[in-house]
Amino acid sequence: MKRRTFVKNGAWFSSAFILAPLVRAQGKSGFANPARPASTGPSRPALTGPSRPAVTGQVVQVKGESPYEITRRALAELGGMEKVISRGDTVVVKPNIGWNRTVEQAACTNPEVLRAVIELIFAAGAKKVVVMDNSCHKAEDCYQRSGIAEAARKAGAEVRYCDENRLVVHDFKGEYLGKWPVFRDFLEADKFINVPILKHHGSSGLTIAMKNLYGILGGNRGKLHRDMGENIADLASGFRSHLVLVDAFRVLVRNGPVGGRLSDVELRQTVIASTSVMHADVAAAALFGRDAREVEFLQAAFARKMGEIDIAKVPLRAVTV
Amino acid sequence: MDAKEGRRLQRLRIGSQLLFTALFFFLLLKSAGAAVEHLPHTGFFFYIDPLFLWVNALAGPFVRAFLLALIPLLLTLVLGRFFCGWVCPLGALHQFFTWLGSRRKQRKAAVDHNSLRLKYLLLIVLLVASLFATQLLGWLDPFALLTRSASTVVLPGANFLVQHALQAGAQNQGWAGKAVKPLYDLSRRFLLTVGQRAFLQAEVLGLIFFGLLLLNLKRRRFFCNSLCPLGALYGLLAKYSLLRLPLNEKCKKCNACANHCTYYGSPYQDYLKSECVLCFNCLVDCPAAAIDVRFQLPGPGRRPALDLGRRRLLAAAGFGLVAASLPQIAVARKAKAHPFIRPPGALAEKKFLKTCVRCGACMQSCPTNVIQPAVFQAGLEGLWTPVLVPAGGYCEYECNRCTQVCPTHALAALPLEEKKQFKIGTAVVDRSACYTYADGYNCAVCEEHCPVPEKAIRFREVEVNNFRGKLKKVKQIYVVPDLCIGCGICENVCPRTDQAAIRVGAEEEQRENPF
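In the order they appear, the protein sequences are chains A and B.
The first sequence begins at 1 in our numbering and counts up by one.
The second sequence begins at 1 in our numbering and counts up by one.
Hint data in this document are derived by calculation from the structure and do not stem from the laboratory.
Virtual Cβ for every residue (Gly too), placed ideally from N, Cα, C.
Wrong hints could be hidden among the right ones.
Unchecked claim - Residues from chain B shown here face chain A by an in silico Cβ test under 7 Å; the list is partial:
(1) 315
(2) 444
(3) 447
(4) 453
(5) 495
Said to hold, decoys possible - With a straight-line cut-off of 30 Å between C-alpha atoms, the simulated BS3-like cross-links for lysine-lysine are:
(6) 30/B to 223/A
(7) 154/A to 30/B
(8) 128/A to 181/B
(9) 305/A to 475/B
(10) 173/A to 470/B
(11) 223/A to 470/B
(12) 30/B to 181/B
(13) 305/A to 223/A
(14) 473/B to 305/A
(15) 179/A to 473/B
(16) 127/A to 470/B
Produce the complete structure using the sequences and hints provided.
Here it is as structure tokens:
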């Protein structure tokens with residue numbers, strides 16, 4: 001081959017590679033301004049409808065010594081992972097990997113809880129499990145120090161970082177939260193499993209499953225701290241969690257959501273499972289010692305008829321191992 | 001020595017250059033990435049640099065590892081400038097570009113004493129200036145130059161190119177995706193950073209670096225022959241070295257040995273031991289096997305050497321004095337306020353500027369990309385010294401990597417628990433911009449991110465008339481200055497898109513007597 005033809009062919013080939021994403025990414029601008037109309041990315045109606053009616057939202061709360069065992073027990077009590085996962089599903093599991101903190105500091109989901117969830121998903125016949133979160137601290141740090149990357153990889157899941165080139169604008173169709181960029185990995189999955197950690201949060205009071213959904217978003221998320229309760233409720237009603245598993249093994253009770261001081265962490269040794277994101281949060285709030293009716297985002301969720309806000313009306317079963 | 005043996009020596013030299021260059025980049029990549037408690041030892045190339053030893057000896061605190069730099073100094077007395085030809089990774093890059101240039105037809109140029117002399121004069125200027133208060137050796141020192149350029153330009157640039165070349169292919173669902181995906185995953189794992197790193201004036205640093213490399217196409221090893229102060233230092237010693245390239249009786253006086261000589265001399269004509277980097281190209285070029293490689297005690301008589309000239313040396317020393325004094329009379333020297341934050345562990349400013357060699361190792365090691373090369377924030381003297389720019393990142397609470405990698409301890413080594421307490425500055429809320437004051441609605445993103453366990457950023461709930469004129473309860477942000485360590489994550493995450501409404505400055509920084 002002549003050098004000239006080699007260079008020419010090379011230039012054609014590489015320019016095709018470079019230009020391909022530009023063609024695909026038409027209309028990707030306008031992330032920072034959710035009000036500006038932009039084309040919506042691939043969306044799956046099954047995923048994005050409102051959560052199922054609340055009455056079916058059975059909640060199971062299991063207490064015990066081992067985070068791994070109580071997670072397995074909670075799912076068994078709920079009727080098994082098979083109820084949620086179909087054979088061949090691609091599943092995205094979204095723990096809280098927000099911060100560069102250790103397990104003991106209780107700012108990120110317990111890796112043992114996560115390991116149990118991933119194993120059960122595979123056992124139910126899923127084809128692929130992806131673990132990811134849009135961290136607040138630098139992602140590599142958070143994934144590593146939290147112990148989540150290692151645990152997830154060991155359990156056979158793919159550990160993925162959020163890639164800004166994979167953002168698409170999604171319409172949450174909420175009163176407060178409309179169009180906003182979301183990582184397409186979350187939209188393209190067959191099932192979405194929400195595995196938050198229960199902890200104190202300065203501005204929203206608590207962070208549980210609904211607030212955990214901030215991690216699917218890109219863009220300038222800080223802007224969503226205005227009218228935070230309303231935004232959280234719109235987010236949770238506009239994006240379905242097929243299963244919620246709240247890690248309340250260690251609970252950061254003060255100075256959340258980052259924490260850092262071990263004296264702010266209390267051992268509660270509990271996990272809460274439900275298919276209703278609202279009921280899981282109401283139960284977790286009660287465990288934390290808060291009346292859900294005083295929590296802003298749960299009031300907003302209640303106004304959107306996402307479920308019961310009175311803990312007495314939530315179908316809750318508590319088990320101690 | 002015949003051409004065959006010569007080629008063997010030449011290959012050995014290239015192998016050694018490849019090895020040390022690979023080692024350099026391996027250590028550099030090793031010193032970046034996720035925050036971990038203990039870095040593998042990455043300072044090797046700094047510690048064998050006698051100029052860094054000089055800086056350290058002048059400004060202290062003494063770092064024992066710099067005694068390693070005596071080894072190449074002593075070896076140079078025996079071998080000559082082997083370091084430049086066989087070890088130095090920047091020299092290897094220049095050699096590579098010289099080789100690229102030599103593939104084109106080149107006119108034979110004569111040895112240019114003026115251009116060779118320049119580096120000695122530069123060395124004198126820099127050494128004299130460093131004796132008198134202004135230390136700028138890092139601007140030209142090859143390890144500072146290479147580390148700085150590689151950290152801020154070469155690696156981030158390579159990251160960008162690889163990412164963009166492979167990503168689209170890896171997302172393809174067809175055969176192309178299948179082919180590219182493994183390659184992408186592999187580079188993702190070992191090379192690419194999750195977020196693209198970016199640096200202040202990366203364009204300028206890049207132009208300088210690639211400009212120097214491209215100059216090799218015009219003049220062989222231009223930087224090494226004309227600019228490198230370390231090369232000059234080795235040259236001064238190499239003059240007395242024992243290894244020589246004497247000619248034997250087979251010499252046909254054809255001067256073919258000059259064809260690829262790195263300094264445009266040759267063993268036949270203009271043999272300058274101070275300039276010979278033992279590349280051994282001449283052995284390969286010689287058609288008659290007329291050049292020997294031999295240890296020889298210096299014989300009687302004058303050695304042919306580069307004449308530096310007494311007047312030039314005096315002029316260079318004088319210029320060094322001027323260079324030393326100018327930055328010291330800048331008005332910024334009198335101001336008690338200064339518009340930059342130094343990384344944790346930084347010495348008092350005056351001492352810091354004397355100790356820091358502008359190598360950028362801290363910038364490479366910083367996991368969040370907050371450490372940036374200063375443009376003129378710290379004066380001309382502070383060009384390329386490390387400053388914290390919260391737009392780029394934040395000082396990670398659980399990290400002390402920059403203090404681990406700093407070769408001269410301009411950033412004093414701080415154990416992690418000490419670093420967490422080390423106050424580099426203080427945040428201030430700009431009440432005319434903060435949403436919780438100016439617009440009267442809740443935000444608290446900064447409070448949420450504040451890493452101090454007791455929270456240096458807090459809010460108090462007050463009733464205010466918001467921008468719609470309605471009475472509302474708002475959580476208004478305030479800073480507890482005594483707790484704030486100045487990490488800058490608040491400024492980094494503030495959601496305002498014009499300028500952050502909470503900003504960090506050097507107020508109350510912990511290092512003593514800043515100026």
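Checklist entry - Which of the stated hints cannot be reconciled with the structure, identified by number in ascending sequence? => result 1, 6 and 16
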